[in-house]
Amino acid sequence: MGQRLPPLLKKCSSRQLVMWAAASRDFYPIHYDPACAQEHGLSGVIVPGALKAAFFGQLLHDWLGVAGQIRHFSASYQKMDYPGQEIRCLGRVTKKYRQEDDCLLELYLWIESGEQKTTVGRALVLLPSRQV
Amino acid sequence: MESRITQTMRDTLGIEEPPVVYEVDKSGIRLFARAVGHTDPVYYDEACARARGFRSLPAPEGFLGTAVTPREQTGRVLNGGTEYHYYGVSVCAGDVLTAVARNLDFWEQSGPLGATVMCRRETTFTNQSGQLVARVYDTQVLY
Numbered sequence: 001m002g003q004r005l006p007p008l009l010k011k012c013s014s015r016q017l018v019m020w021a022a023a024s025r026d027f028y029p030i031h032y033d034p035a036c037a038q039e040h041g042l043s044g045v046i047v048p049g050a051l052k053a054a055f056f057g058q059l060l061h062d063w064l065g066v067a068g069q070i071r072h073f074s075a076s077y078q079k080m081d082y083p084g085q086e087i088r089c090l091g092r093v094t095k096k097y098r099q100e101d102d103c104l105l106e107l108y109l110w111i112e113s114g115e116q117k118t119t120v121g122r123a124l125v126l127l128p129s130r131q132v
Numbered sequence: 001m002e003s004r005i006t007q008t009m010r011d012t013l014g015i016e017e018p019p020v021v022y023e024v025d026k027s028g029i030r031l032f033a034r035a036v037g038h039t040d041p042v043y044y045d046e047a048c049a050r051a052r053g054f055r056s057l058p059a060p061e062g063f064l065g066t067a068v069t070p071r072e073q074t075g076r077v078l079n080g081g082t083e084y085h086y087y088g089v090s091v092c093a094g095d096v097l098t099a100v101a102r103n104l105d106f107w108e109q110s111g112p113l114g115a116t117v118m119c120r121r122e123t124t125f126t127n128q129s130g131q132l133v134a135r136v137y138d139t140q141v142l143y
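As they're listed, the protein sequences go chains A and B. For the first sequence, counting from 1, position 47 maps to 47 in my numbering; every step adds exactly one. For the second sequence, counting from 1, position 69 maps to 69 in my numbering; every step adds exactly one.
What the hints contain is simulated information worked out from the structure, not anything from laboratory work. Bear in mind the structure is a predicted one, so any value in this text is a computation, not a measurement. Please note that a few of the clues may not be correct.
Partner residues aside, some chain A positions facing chain B, computed with beta carbon under 8 Å [said to hold, decoys possible]: (1) Gln16; (2) Arg71; (3) Phe73; (4) Ser76.
Using N, Cα and C, we set each Cβ at its ideal position, and we do this for glycine too.
Here chain A stands alone, though its shape is the one from the complex:
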């Protein structure tokens, strides 16, 4: 209980945001055009929420390896993240229980940028019982 996942550190460059736009086919310009971001009332280009969710996906994937299966994961984007800032993707196990032959783990996920918690999420993952 309370086990921490190995942190995943990210610092988004503008190159990464452009690659993400292509990969996600989301070309909404507030994620790469500073003038457009300001016209939309933002202080600058922001890291796309779905990319932060994908970082949670990587955090879980790297921790689970081939053994586990992700049932669900979520991300709630509470504050903005900006390119060039170091962001730390973190997680801990909040609950462990058995369901037939499987072990289910509930996790709390969050992103810290500086002193701020910008994004929070949850996940449910399944491990074969021999892994527990």
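For chain A, the structure is supplied; the task is to place chain B on it using the hints.
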């Protein structure tokens, strides 16, 4: 105060939008994995993926293919949150998914961007064999 949620918006609640086809292919998987920064070779090297029991490259978490006819986002909108639910059916390169979206709820909320309308949507992804593979719930912030 008058609601910013229009009747036109309310009329969409629960109504399924026309299906959108998403193709899952190797190039799309590699590009997505690279954009996220994945280091696991399973997303890049097909031999590695097969050795680990996949039919082809598996879709990274959060990737459900590339829309054949994408919707262009217009107006002022931010992403408030995303939830991915999976049902134990793997998604690999070669799969063709059909996505059906609907609006589930609208509500008003004020925040740093002023008065906003929030919209929660559900998108259901089914594969070429008719199996439910994922449901995605997202919350849009219209401001």
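Hints violated by the structure (numbers, ascending): As far as the earlier hints go, not one is violated by this structure.
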